[in-house]
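Add chain H to chain S, keeping to what the hints say.
If you're matching them up, the sequences are chains S and H in order.
Just so it is clear: in the first sequence, position 22 is 22 by this note's numbering, and no numbers are missing.
Just so it is clear: in the second sequence, position 72 is 72 by this note's numbering, and no numbers are missing.
None of these hints come from the bench; they were simulated from the model.
There are no misleading hints in this set.
Distance windows between CB atoms, simulated:
(1) N197/S / M67/H: 16 to 24 Å
(2) K104/H / A66/S: 29 to 37 Å
(3) K12/H / T330/S: 56 to 64 Å
(4) K296/S / W57/H: 34 to 42 Å
(5) E275/S / I14/H: 35 to 43 Å
(6) K30/H / T6/S: 44 to 52 Å
(7) K3/H / R178/S: 50 to 58 Å
Given the structure is predicted, the values throughout are model-derived calculations rather than measurements.
Ideal Cβ positions, reconstructed from N, Cα and C, are used throughout, including at glycine.
What follows is each chain in one-letter form.
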Amino acid sequence: MSEVITTDVVIIGGGPCGLFAIFELGLLDIKCHVIDILDRPGGQCAELYPEKPIYDIPALPLVTGADLTTRLLEQAKPFKPEFHFNQMVTSLEKRGDNDFHLTTDGGLKFNCKVVVIAAGGGSFMPKKPPIPGIELYEGSSVFYSVKKMEALRDKDVLIIGGGDSALDWTNNLQPLARSMTLLHRRDEFRAAPDSVNKMRELVATGKMQLKIGQVIGLKGEGGVLSAATVKGADGTFSEVACNAMLPFFGLTMKLGPVADWGLGLTENLIAVDTEKFESNVPGIFAVGDINTYPGKLKLILSGFHEAALMAQQAFRYINPGERLTFQYTTSSSNLQKKLGVA
Amino acid sequence: MAKITFIQHDGKEITANGTPGMTVMETAIKNQVQGIDADCGGACACATCHVYVEPDWLEKVGKRNPMEEDMLDFAFDVRENSRLSCQIKVSDALDGLRVKVPEKQF
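Just chain S, with the same shape it has in the complex (with noise of 0.2 Å):
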């Protein structure tokens, strides 16, 4: 059991809107922790296109994802954000007026007056191939990642992608495994040159086999896996035997837990207003792409206009009482101590 961690903010997604509700909390003297499935900040833009531009980010012509993301975090820097990273929020409790509770499927638990959640397009999960009957094996003999490698010792694992999973997987566990089979659709690898002349060099050596094709079918017994059928390129069926299936074929964005926290969702997004960005809940507040209102726009730029909107209401519940003077970072010293710039 780990301690519970308190603050005033936390902020589920840490990709770009999340990153810049940061700096707008901070402003206001407000802290934060942010939560992210991934394992790194930057959400979609590090996960989906790391490398691909933006072009329509308010005066920045032209910035990749990644760019974005480092841009945001040297922004928010000041402010000390703490990041969990590797954690989903799996439940989200009020207890009281601005008293949240949150916990994570790694055991985190906080406790906070607000919570903002910038989820974008939901958790970025494995994606699961939809072979018939697969879910009968999750778990036993099918894994979307490896937790303890010792796990697949003298195992017949089957590997299926071309990216650095797979291969890193493949090159890493064939040592350990009984035997190691990786299976691909085509002759051609995303993956690190590295890793796949690695990988081809075990083939040529005779420690595993690589086989160009697509699952189609799973064979076995009581959620224990015999054998994998496959379809080659060429057309014809063939059968891996295998107790072990790793498939890596990606993220995907799904929901999760979010719509479990009685938030009102429209077409599976969260209902806010467009004065605070707050949810039908008190103190919890959605931005970016995971929420909607008459008029909403999926873009960044929107997602940062209603993180400004929504630190001012998060500052009246955080301070109770108090009066919040707006002041503009070119003018006021008070805005720029707290930036490190006065």
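Same frame as chain S, but now just chain H:
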């Protein structure tokens, strides 16, 4: 205008007017075609707008680009005629195009 027919997995056909310059994916979303998710909004970054181009149209639609070929690694049941519909631009030459939509994107 180019007429594009989407054959949904349930057999229902939706014929939509595609505007030249738009993508086949955008045409599908605009016309509520079921089975095209387009999670990334057309950045060729997710493979959730996978379609099967009807064989007679393969040549006119053209080949996959290298980025699309990579992204198709994330799709399920990739076939010879698999394409990502965000990478097919509507043009007058594609008037009458027919594509099949898989049961679900994943």
